[in-house]
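Enquirer: All chains, please: the whole structure from these sequences, using the hints.
Residue numbers (the working numbering), protein chains in the order written: chain A, -6 to 475; chain B, 385 to 752; chain C, 15 to 112.
In short, the hints are calculated from the structure, not lab data.
All values derive from a computational prediction rather than experimental measurement.
One thing to keep in mind: the hints can contain errors.
[Stated by the list, open to error] Pairs of lysine to any residue, SDA-like flavour, derived with a Cα cap of 25 Å: (1) C:K112 x B:M522; (2) A:K294 x A:E433; (3) A:K251 x C:E102; (4) A:K173 x C:M15; (5) A:K246 x A:S214; (6) B:K581 x A:L392.
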Amino acid sequence: MTSHIEYERRYDVVVIGAGPAGLASATSLAEAGLNVVVLDEQTAPGGQIYRSATRSPISDPKILGTEYYRGAELVAAFEASGAKYVPQAIVWSVSPGWDVGVSVRGHSFLISADAVILATGAQERPFPIPGWTLPGVMTAGAAQILLKTSGVVPDGEIVLAGCGPLLWLLAAQYLRANAKIACVLDTTPRSNWTKAIGYLPGFALSPLAAKGAKLLLEVKSSTRVIANVDSIKAVGESGLNAVEFTRNGTTQKPIGAKTLLLHQGVIPNVNLSMAIGCEHVWDDTQLCFRPVTDEWGETSKRGIFVAGDGAWIGGAVVAEHAARLTALKVADRLGKIAAGELSNRASRDRAAKQRLVRGRAFLDKLYTPAKQFRVPEGETIVCRCEEVTARQLRDVVALGCAGPNQAKAFLRCGMGPCQGRMCGVTVTETIADARKVSVEEVGYYNIRFPIKPISLGEFAAIPTTDEAMKTVVRELPPGVTS
Amino acid sequence: MTVDPDVVVIGGGVIGSAISLGLAMRGKRVTVLDGADIAHRASRGNFSLIWVQSKGLGMPGYADWARKAALSWPVFAEQLERLSGVDLAFIQPGGLHLTLSEGELEARKRVFIRLREQCGGVDPYPWEILDAAQVKRMLPEVGPTVTGASYCPLDGQANSLRLLRALHIGGNRSNVSYRPLHIVTTIEHRGGEFVIKTDKGTFTAGKVVLTAGHDNARLGPMVGLDVPVRPQKGEILVTEKVRPFLYYPTINVRQTDEGGVQLGDSVEETGFDDTVDLRVLSAIAGRITKMFPLLENVNIVRTWGALRVMPRDGKPIYDQSKTCPGAFVATAHSGVSMASVHMLEVPRMIAAGALDAELSCFTSERFQ
Amino acid sequence: MTRIASCKSRTQVKFQFNGETLTAFNGDSVAAALLASNAGPFRTTPVSHAPRNPYCMMGICFDCLVTIDGVGNRQACLCEVTDGMQVETQLGRRDIAK
Ligand SMILES: Cc1cc2nc3c(=O)[nH]c(=O)nc-3n(C[C@H](O)[C@H](O)[C@H](O)COP(=O)(O)OP(=O)(O)OC[C@H]3O[C@@H](n4cnc5c(N)ncnc54)[C@H](O)[C@@H]3O)c2cc1C
Ligand code: FES
Chain A
-6 MTSHIEYERR YDVVVIGAGP AGLASATSLA EAGLNVVVLD EQTAPGGQIY RSATRSPISD
54 PKILGTEYYR GAELVAAFEA SGAKYVPQAI VWSVSPGWDV GVSVRGHSFL ISADAVILAT
114 GAQERPFPIP GWTLPGVMTA GAAQILLKTS GVVPDGEIVL AGCGPLLWLL AAQYLRANAK
174 IACVLDTTPR SNWTKAIGYL PGFALSPLAA KGAKLLLEVK SSTRVIANVD SIKAVGESGL
234 NAVEFTRNGT TQKPIGAKTL LLHQGVIPNV NLSMAIGCEH VWDDTQLCFR PVTDEWGETS
294 KRGIFVAGDG AWIGGAVVAE HAARLTALKV ADRLGKIAAG ELSNRASRDR AAKQRLVRGR
354 AFLDKLYTPA KQFRVPEGET IVCRCEEVTA RQLRDVVALG CAGPNQAKAF LRCGMGPCQG
414 RMCGVTVTET IADARKVSVE EVGYYNIRFP IKPISLGEFA AIPTTDEAMK TVVRELPPGV
474 TS
Chain B
385 MTVDPDVVVI GGGVIGSAIS LGLAMRGKRV TVLDGADIAH RASRGNFSLI WVQSKGLGMP
445 GYADWARKAA LSWPVFAEQL ERLSGVDLAF IQPGGLHLTL SEGELEARKR VFIRLREQCG
505 GVDPYPWEIL DAAQVKRMLP EVGPTVTGAS YCPLDGQANS LRLLRALHIG GNRSNVSYRP
565 LHIVTTIEHR GGEFVIKTDK GTFTAGKVVL TAGHDNARLG PMVGLDVPVR PQKGEILVTE
625 KVRPFLYYPT INVRQTDEGG VQLGDSVEET GFDDTVDLRV LSAIAGRITK MFPLLENVNI
685 VRTWGALRVM PRDGKPIYDQ SKTCPGAFVA TAHSGVSMAS VHMLEVPRMI AAGALDAELS
745 CFTSERFQ
Chain C
15 MTRIASCKSR TQVKFQFNGE TLTAFNGDSV AAALLASNAG PFRTTPVSHA PRNPYCMMGI
75 CFDCLVTIDG VGNRQACLCE VTDGMQVETQ LGRRDIAK
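Expert: Given below as structure tokens:
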């Protein structure tokens, strides 16, 4: 293992995540004169959208598109701001005080701060279909990361399936990179159009509209797009061989493919905010749990803020504006903003954010993933880590299991190394469906630290106290044993 | 119209489920009322040992009861596995309590000697003090700072989550009516019957059994029972799945059949706060890495704090109401160890209407 | 998988996968390096021994687990490949000695 690296253990603010939200907030905070550190588990700044923005090997900028290169500007401003950056820093706990538990290349320590900004972004929504665990099936986001960081694309026939802007963006980037797309299976339910149409005016006025239309045209004019796909099955033995699907309920000819890239939107990464104990709600429009925050991004725990997609899925530019608003509030709290100035200084970002948020409503409605792709049945795997199927889950519900925590105890779903990230929403929605009650009533897994696996030795290295030692040494039995 | 049950069992944890299944096996109509998904459930958070050694200090009757429970586990496991089709991963190779200093080892020995004195000069169950070399032969992975261990051949382990599921499946197959999300608000004793109100309706039965864990303290007085239990936190860490390496359960390290290693567990008086405390987790981690240095690089995937249901003196409470005949309470910290007698013995007594003399030492009158 | 033509030249890295020497480039994650060489599966599951490869590439799913330089269950998508690195398939449960 690498030798122990010493870090400062005390900052005004700790920012977790170096995506657009984390970079923007840290830049503003440092410019306001605060001592700030950004911790991120990746090897370079940029987050998911601007992955490797400063060092992507791709030489033709047209492939990824101009927006991607906005990331390099963000990183440059961040680097000039004086904020400290620690790559490969995995945050695994945040305890009252606030103490941030972080693991850097196998060594853990605590960093304390007055405020903590969670800029941990989003993850792709699980896409539980038969065969989604086969090698050769991965998310569109994963494929995009391979392209951005290493210029790697699948060889052989590729099928893209699902819905949402990222799917179209990846298709376009693949076409520009000359990857072989066999077809795009569009799972957007036709009925979504009726629900979305009322939000079209707001969308049309936002900068998203022109971009989106151009992208769709680019993809649809040069590859086969099959609309109204309402079931998908990945088939193969030790890896993907073919994709079976139905269209408007009718079985279609299977497509031979070695790669299937799935995507149906993204959802906030809630493990950290949940483990901290922040209040969360189910968002009926975006179909996900998200932390409750005020207009500045502060959660129900004073001093814990969430900025960017971790609070609400709005995309990279919204994340940037929201993060600057959070930074202002934190700077104000820490005495760096002149009295009465806060509201004034917030007006620009607030207006810009509002415009984009209005446009987002249309996308949320249009790309609401269909129920059958969120709430599985039969032998489809729900929990990838423990290989728990939808049938097993529905069986324990029939036995009287009312929520995800009892289901976890009965079936081990959510107990694997991903700690429920890949099955959490699916389990909750499936139980709600089986019990015919609302998702709020079912609730979510009780998430605890560490939110990422760390070694026992790292736990042992965290400072303990004599009092804590006494609770574990049982020299004389306190009248009981296990 | 549905028929009223013979018995309403309040609480569907490992104790209530075992007793209700035992009652149903005896032909009783049983309804189980259980709480919400996020309730404090010791049945979901325990260490899953079947543990005899040290039990009974200060109450010889408990040593006998614990021995009986351990000896009936094989029969219990076989019956329940057959009924539910669930593998309980029960093993009973004996268990070790490892020590890290001569003082700790000496203290272990004193426990057994004192217990023998309290039991009239006869050991209530077999035990042995092992030196470091003997321990190393049984558990080759122990570290050099382990000074020895106490060993009791009756100790063992099961998979407690599967135990709970098996009891629920068994109950379902034996016509136990299980009602989750039915939180009992009041119990009244009227005309020889118990009227039990929940937020989702009222139930009436001739008998009621309180197995509601922490809530027994509130419910007991409604039927003339004093149940002084308090929450006592235990924090546990679990590793990723690793290949089998630990062939005996120990008091604070055991490997589950799935491969994860459970590391525990603290004893803390923090009320109803079940959050994990890094300082305590670190203390546990520090001790365990001394016991098993090879675990140092293994990843922890989960931790939790669970609230033991702890009677004032740490011993179980089994009691029947004098003022409201037909009301019983069963609460014990070691619900997994005792699951066998909870299914095989206690229901017979409840069905007959009175607890055996063997359980008289567990009355809550002992606290008066 | 394959590398697209429009790529800047980067320093080559040689590493081993189950004893076989493979090449990758500086800055590749171990996951990208293996996928680009069509090597796999990354792991077999501890539950049913089914083969798995990376699913998310962003640290979420833990399907990319491999043994790296003797340490089991490491996330290949979060580690950068380095010259001389020894990577092995993670077969089922980890061995505590690894
Ligand atoms: C796979 C994927 C691909 C996407 N591609 C596009 C795209 O091409 N175009 C587009 O417009 N939008 C895309 N999006 C959406 C876009 O990424 C978001 O809108 C935007 O990145 C939000 O910014 P953020 O700063 O909130 O989060 P992110 O960019 O996600 O940044 C969060 C950062 O936090 C770090 N992190 C998380 N947890 C921890 C922890 N415990 N410890 C340390 N660090 C941690 C992560 O490593 C990450 O770097 C994509 C989303 C995903 C999930
Ligand atoms: S591919 Fe998902 S964690 Fe690495």
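Enquirer: Give a verdict on every hint.
Expert: Outcome of the hint check:
Between the alpha carbons of K112 of chain C and M522 of chain B the distance comes to roughly 22 Å, so the proposed pair stays at or under 25 Å and holds. About 21 Å separates the Cα atoms of K294 of chain A and E433 of chain A, which keeps this hinted pair within 25 Å; it holds. Distance restraint check for K251 of chain A and E102 of chain C: the Cα-Cα separation of roughly 23 Å lies within the 25 Å cut-off, and the hinted pair is therefore satisfied. A hinted pair counts as satisfied when its Cα atoms are at most 25 Å apart, and K173 of chain A with M15 of chain C qualifies at roughly 11 Å.
Restraint check for K246 of chain A and S214 of chain A: satisfied, since their Cα atoms lie roughly 22 Å apart, inside the 25 Å limit. For the hint pairing K581 of chain B with L392 of chain A, the CA-to-CA distance comes to about 23 Å; that is within 25 Å, so the pair holds.
Hint violations for this structure: none, all hints satisfied.
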